[in-house]
Amino acid sequence: MKKLLTNKIFKNNLITYGIVIIAFVVISIIKGTGNLSSLFTGLLVPLCAYIILAVSLNLVVGISGELSLGHAGFMCVGAFSSALFSKCVVGTMPDGLRFLLALIIGSVLAGIIGVLIGIPVLRLKGDYLAIVTLAFGEIIKNIINVIYIGRDSKGFHFSMTSEMDLNLEAGGETLINGAQGITGTPKDSSFLIGFILVMITLFIVLNLINSRDGRAIMAIRDNRIAAESIGINITKYKLLAFTVSSVLAGAAGVLYSHNLNNLQATSKNFGYNMSIMFLVFVVLGGIGNIRGSIIAAVLLTLLPELLRGLNAYRMLIYAIVLIAIMLFNWAPGALAFREKYSIKNWLSKKTGKEEM
Amino acid sequence: MSFLSYLIKGISLGSVYAIIALGYTMVYGIAKMLNFAHGDVIMVGAYSVFIMSTSLGLSPIFGVLTSIVVCTALGLTIERVAYKPLRGAASPLAVLITAIGVSYLLQNIALLVFGANTISFTSVINISPITFGSNGELTISGETIVTIIAGIIVMVGLTLFVNKTKMGHAMRAVSEDKGAASLMGINVNATIALTFAIGSALAAIAGVLLCSAYPTLNPYTGAMPGIKAFVAAVFGGIGSIPGAMIGGVLLGIIEVFGKAYISSQMADAIVFAVLIIVLLVKPTGILGKNIQEKV
Amino acid sequence: MKKLVSLLMALTMVAVMVAGCGSSAGTASGEATYKIGATGPISGDAALYGIAVKNGMEIAINEINEAGGVNGAKFELNFQDDECDAEKAVNGYNTLKDWGMQVFIGTVTSGACIAVAANTYEDNMFQITPSGSDPKCIENPNAFQVCFADPSQGKKSAEYIGNKDLAKKVAVIYDSSSSYSSGIYASFAAEAANQGFDIVAAEAFTSDSKSDFSVQLQKASDEGAELVFLPIYYSEASLILTQANQMGYDPIFFGVDGMDGILGVTNFDTSLAEDVMLLTPFAADSTDEATVHFVNAYKEKYGEVPMQFAADGYDAVYAVKEALEKGGCEPTMSASELCDKLVAAITQVKITGVTGELSWDASGESNRDPKAVIIKNGAYVLFE
Chain S
567 MKKLLTNKIF KNNLITYGIV IIAFVVISII KGTGNLSSLF TGLLVPLCAY
617 IILAVSLNLV VGISGELSLG HAGFMCVGAF SSALFSKCVV GTMPDGLRFL
667 LALIIGSVLA GIIGVLIGIP VLRLKGDYLA IVTLAFGEII KNIINVIYIG
717 RDSKGFHFSM TSEMDLNLEA GGETLINGAQ GITGTPKDSS FLIGFILVMI
767 TLFIVLNLIN SRDGRAIMAI RDNRIAAESI GINITKYKLL AFTVSSVLAG
817 AAGVLYSHNL NNLQATSKNF GYNMSIMFLV FVVLGGIGNI RGSIIAAVLL
867 TLLPELLRGL NAYRMLIYAI VLIAIMLFNW APGALAFREK YSIKNWLSKK
917 TGKEEM
Chain C
36 MSFLSYLIKG ISLGSVYAII ALGYTMVYGI AKMLNFAHGD VIMVGAYSVF
86 IMSTSLGLSP IFGVLTSIVV CTALGLTIER VAYKPLRGAA SPLAVLITAI
136 GVSYLLQNIA LLVFGANTIS FTSVINISPI TFGSNGELTI SGETIVTIIA
186 GIIVMVGLTL FVNKTKMGHA MRAVSEDKGA ASLMGINVNA TIALTFAIGS
236 ALAAIAGVLL CSAYPTLNPY TGAMPGIKAF VAAVFGGIGS IPGAMIGGVL
286 LGIIEVFGKA YISSQMADAI VFAVLIIVLL VKPTGILGKN IQEKV
Chain W
68 MKKLVSLLMA LTMVAVMVAG CGSSAGTASG EATYKIGATG PISGDAALYG
118 IAVKNGMEIA INEINEAGGV NGAKFELNFQ DDECDAEKAV NGYNTLKDWG
168 MQVFIGTVTS GACIAVAANT YEDNMFQITP SGSDPKCIEN PNAFQVCFAD
218 PSQGKKSAEY IGNKDLAKKV AVIYDSSSSY SSGIYASFAA EAANQGFDIV
268 AAEAFTSDSK SDFSVQLQKA SDEGAELVFL PIYYSEASLI LTQANQMGYD
318 PIFFGVDGMD GILGVTNFDT SLAEDVMLLT PFAADSTDEA TVHFVNAYKE
368 KYGEVPMQFA ADGYDAVYAV KEALEKGGCE PTMSASELCD KLVAAITQVK
418 ITGVTGELSW DASGESNRDP KAVIIKNGAY VLFE
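First to last, the sequence lines map onto chains S, C and W.
Residue numbering for the first sequence follows the working numbering, beginning at 567 and increasing consecutively.
Residue numbering for the second sequence follows the working numbering, beginning at 36 and increasing consecutively.
Residue numbering for the third sequence follows the working numbering, beginning at 68 and increasing consecutively.
Bear in mind the hints are in silico, worked out from the structure with no lab data behind them.
These figures come from a predicted structure and were not determined experimentally.
Keep in mind that the hints are not guaranteed to be accurate.
Claimed, not checked - As a list, the in silico PhoX-like pairs of lysine-lysine whose alpha-carbon atoms are at most 25 angstroms apart:
no., chain 1, residue 1, chain 2, residue 2
1, S, 691, C, 67
2, W, 393, W, 141
3, C, 119, C, 213
4, C, 317, S, 691
5, C, 67, C, 119
6, S, 906, C, 67
7, C, 213, C, 201
8, C, 67, C, 324
9, W, 417, W, 223
10, W, 408, W, 141
11, C, 67, C, 201
12, C, 201, S, 691
13, W, 223, W, 366
14, S, 691, C, 324
15, S, 802, C, 317
16, W, 438, W, 102
17, W, 408, W, 393
18, W, 141, W, 102
As the list claims (entries may be wrong) - Over the 12 angstroms line for every Cβ pair with chain W, so calculated as not near, a few chain S residues:
no., residue
19, 593
20, 594
21, 604
22, 666
23, 747
24, 773
25, 781
26, 784
27, 790
28, 795
29, 802
30, 842
31, 871
32, 872
33, 874
34, 876
Ideal placement from N, C-alpha and C gives every residue a C-beta, glycine not left out.
In isolation and in its complexed conformation, chain S is listed as follows (with noise of 0.2 angstroms):
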């Protein structure tokens, strides 16, 4: 135990769930209290839909290091299959026992697509895989648009081309109606669900990182032909962290359906702006950094809200921040300016204490 508490990394990945568990802890008692606003409220389970997000696209990003910009697109497959499984059942088995089915069913579909989008694009690289994720992203969007889903007394209907073509008889009911979406998805998430999950996300993303399977998915990353030398299965692990990545945001996509009576699938939620949005949380929170890109993902997201008040200059202002941390966080002059300026350069110094 003591060796384990003084291994670094293990002492690293226990700061970050302490930080979770903490933030989970005190919002819950503000909340208790009845001292939390109803944005903040109404934000928890966003958020923890894009901690998770934020989480498991640093998985491809950073630990596989490859660029993809179609993670909204899983997020996209889960939550669609997951809320129609919902609406579905719902009022046939307990609540409970509905989320978890549509938990499943949305992480393991999210999770197929993975594999089959995974298997032929990740033989791409860079800047062309980046192109083919986003086109893929666009794909599922665009047929999730066409797609018409009915039921009535004779089973399911289903059309590509408009509602009409369903045939539905009358007292047939429409599940998911095109650019319409789908509306009435039982509300069954909650922040605690949320915490559990981005807890899940975590211990699923730490631990892979930290076994044989991430360091040799790190390996690949940075040197893929020594890696390959060494024998070790290219398209195995990169696949793996492809896959691991799309099943979490699936289940991430869950989570965020069955907060919104009304799913649609547009390009603000589930197109390539979306995906670059996440993108944005892992780059800023630092990539391959797991903590940064929670941190990112909170900040970013509640950041537009608390400009609220700057009404029509509000995205203006959002835009002019985002460039103003990117430059800060990541150019080397800024970089050397803070080092030189730093305060804890400044500290160690007035108390003579060598930094480690």
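Starting from the known structure of chain S, arrange chains C and W on it as the hints suggest.
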């Protein structure tokens, strides 16, 4: 007959994608960055022309020239303020994210300055269409003719510039190896700035042609054609100048044929599916160079 | 170092938060007011609709406040951006709740509206949407609608074309990625079968490919369509008209309320819209007193001709005002109390708004007939 007519429509749309893709690919080839803000520079270019030639009533040529100046200045400013400080950053993704930030910024400034309402753009091209067939089933509009000619001129011009001039050689050297280029006495920063200036000037021309061919303009006009042109550039082999031209035209034709013969609802999915197939068969695009990895 | 970064970011946010609070606190005043909340897209590519609704609401609220408010109590408006997204709309709604909103006028777009409707129902908050036209927006008893519902628009358009025998072969060009457009198309197509005309081409486009309509028009033309039904907004419609003209295709174009505003598109050649027909509740060149007054006030304040969305926002505020008066409400009441009173009162309200004679039944839909107008010499003319 309708096949030919769709083909012409595809080429018209494709020529617009091509001319945007040329700017994209130019910047990518030299600076090795995806300039996500390129589409929004196009939008700014189109607004400048609109203000000059329609609102102020000046000659369209003057409008286009102003637009080129405005976009070049804008491109240089963006490069200086937002991209240059990130040169040498630990990850190439940093500058990608900043480019996205710049894209949001330009859209939101345009929203505040010009308002959200759509403007009907007046075409600056005054060439009568060429018509074939007895009752005009096949019509090639003046805009298409000008766009294709402009695309070819730009393509040839850029190829000559890059291959024959001293500055072009400097650009190629920078694109191959920044460190070695600077050792050879090439001013890397100035060369990249020049690339952005050329890329932005091309964006101005693309903006004029885009809005002349499809006469509608709002703060988000550039975003989607920008992405499509990016796809076109990858399609043709990103970094390759003739590749961008071919990729753009092919993309336009695929989009139109997809709409016409398969499903208009699924047109986007079809375009992207073809892109994926092409990249799986030829992982660096149609004209992309296949670089062998060395140990 | 990372900690420093997070600290810095946190500080920035706190600073911004303080700044944000400062600007909204400026509107608060000592006397009791009705706090009216609204959300809609004022950024993003649906911004023009949200901004129009916001402007229309502001004009109505200024007028009401200048006239002394409702029994002396003035209106206070807080309009939040929702970027046309369900999640952001819920965030905006929650922000408004924190602000102390008593009545909710929103949201502008259907998808976002349906999502928020679940919350307003839960909170028992009175909701009236100016322009959320999907019938699912008003499924709950606390929700009402100012605009037409999509199915009734599609159905009425089909009936109109059938009754007047305008065409036998009809083509439709619609936005398959928009719930508004595909909703109207669905009901139009369903009714078409009863009206004795054929839909020979139903061509879609999406928000990702809306810069070129030549293919859709070509197909309509190849199928010999005499009438093209456009259940879409005017910004795309203006491009369709321009492109149809370029290719020399000249069918009857028939639009719905989203088409209104086409004459106001900056620099649009209005001669292209000659003989375009549309069913709309609002026509900016109507000569009735209310419309003239509203249009002038709007032009003076915002320098442009209002479109139907602005008119919907304007009427929504007046509907709330009338209902507050009728229900004997007080500004000190809670949102939930107001909701109960307003739901009961609004069914007795009858207002002559700029979008026609409005009244509501318990279903939440506004009852009235659309006007069919035709564009002649760059102006709307009532079509009999």
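Structure-based check of all given hints:
For a cut-off of 25 angstroms, the pair hint linking residue 691 of chain S to residue 67 of chain C stands: about 14 angstroms separates their Cα positions. Taken as a hint, the residue 393 of chain W and residue 141 of chain W pair is honoured in the structure, with Cα atoms around 16 angstroms apart against an allowance of 25 angstroms. In summary, the hint linking residue 119 of chain C to residue 213 of chain C is supported, as the alpha carbons are separated by about 14 angstroms, within the 25 angstroms threshold. Using a Cα cut-off of 25 angstroms, the hinted pair residue 317 of chain C and residue 691 of chain S holds, with the two alpha carbons roughly 12 angstroms apart.
Between residue 67 of chain C and residue 119 of chain C the alpha-carbon distance is near 13 angstroms, which keeps this suggested pair within the 25 angstroms criterion. A hinted pair counts as satisfied when its Cα atoms are at most 25 angstroms apart, and residue 906 of chain S with residue 67 of chain C does not qualify at roughly 30 angstroms. A distance of roughly 16 angstroms separates the Cα atoms of residue 213 of chain C and residue 201 of chain C; the hinted pair therefore holds under the 25 angstroms criterion. Pair hint residue 67 of chain C plus residue 324 of chain C holds up; C-alpha atoms about 15 angstroms apart against a cutoff of 25 angstroms.
For a cut-off of 25 angstroms, the pair hint linking residue 417 of chain W to residue 223 of chain W stands: about 23 angstroms separates their Cα positions. With a C-alpha separation of about 18 angstroms, the suggested pair residue 408 of chain W and residue 141 of chain W falls inside the 25 angstroms cut-off, and the hint holds. About 20 angstroms separates the Cα atoms of residue 67 of chain C and residue 201 of chain C, which keeps this hinted pair within 25 angstroms; it holds. Under the criterion of a C-alpha separation no larger than 25 angstroms, the hint pairing residue 201 of chain C with residue 691 of chain S is inconsistent with the structure, at around 32 angstroms.
A C-alpha spacing of about 31 angstroms is found between residue 223 of chain W and residue 366 of chain W, which places the hinted pair above 25 angstroms, so the restraint is violated. For the proposed pair residue 691 of chain S and residue 324 of chain C, the alpha carbon gap of about 13 angstroms is at most 25 angstroms, so the pair holds. Simply put, residue 802 of chain S and residue 317 of chain C have alpha-carbon atoms about 22 angstroms apart, close enough for the 25 angstroms limit, and the pair holds. Restraint check: the Cα-Cα separation between residue 438 of chain W and residue 102 of chain W comes to about 33 angstroms, which exceeds 25 angstroms; the hinted pair is violated.
Pair hint residue 408 of chain W plus residue 393 of chain W holds up; C-alpha atoms about 9 angstroms apart against a cutoff of 25 angstroms. For the proposed pair residue 141 of chain W and residue 102 of chain W, the alpha carbon gap of about 9 angstroms is at most 25 angstroms, so the pair holds. The beta carbon of residue 593 of chain S is kept farther than 12 angstroms from every beta carbon of chain W, the shortest such distance being approximately 15 angstroms. No Cβ of chain W comes within 12 angstroms of the Cβ of residue 594 of chain S; the nearest lies about 18 angstroms off, and the non-interface call holds.
Once the 12 angstroms rule is applied to beta carbons, residue 604 of chain S is inconsistent with being away from chain W; the minimum gap is 4 angstroms. At the 12 angstroms boundary, the C-beta of residue 666 of chain S stays outside the reach of chain W, the nearest C-beta of that chain being 22 angstroms off. A cut-off of 12 angstroms between C-beta atoms contradicts the statement that residue 747 of chain S is not in contact with chain W; the least separation is 7 angstroms. A cut-off of 12 angstroms between C-beta atoms confirms that residue 773 of chain S is not in contact with chain W; the least separation is 22 angstroms.
Distance check for residue 781 of chain S against chain W: the nearest CB is about 23 angstroms away, which clears 12 angstroms, and the non-interface claim stands. No Cβ of chain W approaches the Cβ of residue 784 of chain S within 12 angstroms, the least distance being about 20 angstroms, so the stated non-interface status holds. The Cβ of residue 790 of chain S lies farther than 12 angstroms from every Cβ of chain W, with a closest approach of about 29 angstroms, so its non-interface assignment holds. No Cβ of chain W approaches the Cβ of residue 795 of chain S within 12 angstroms, the least distance being about 35 angstroms, so the stated non-interface status holds.
For residue 802 of chain S, the requirement that its beta carbon stay farther than 12 angstroms from each beta carbon of chain W is met, with the minimum near 33 angstroms. With a cut of 12 angstroms on Cβ distances, residue 842 of chain S stays outside the contact zone with chain W, its closest approach being about 14 angstroms. Under the 12 angstroms C-beta cut-off, the non-interface status given to residue 871 of chain S relative to chain W is violated; the minimum distance is some 6 angstroms. Not every beta carbon of chain W lies more than 12 angstroms from that of residue 872 of chain S, the smallest distance being close to 5 angstroms; the non-interface claim is violated.
Listed as outside the interface, residue 874 of chain S is inconsistent with that label: its C-beta sits roughly 6 angstroms from the nearest C-beta of chain W, within the 12 angstroms cut-off. Not every Cβ of chain W is farther than 12 angstroms from the Cβ of residue 876 of chain S; the closest lies at roughly 6 angstroms, contradicting the non-interface assignment.
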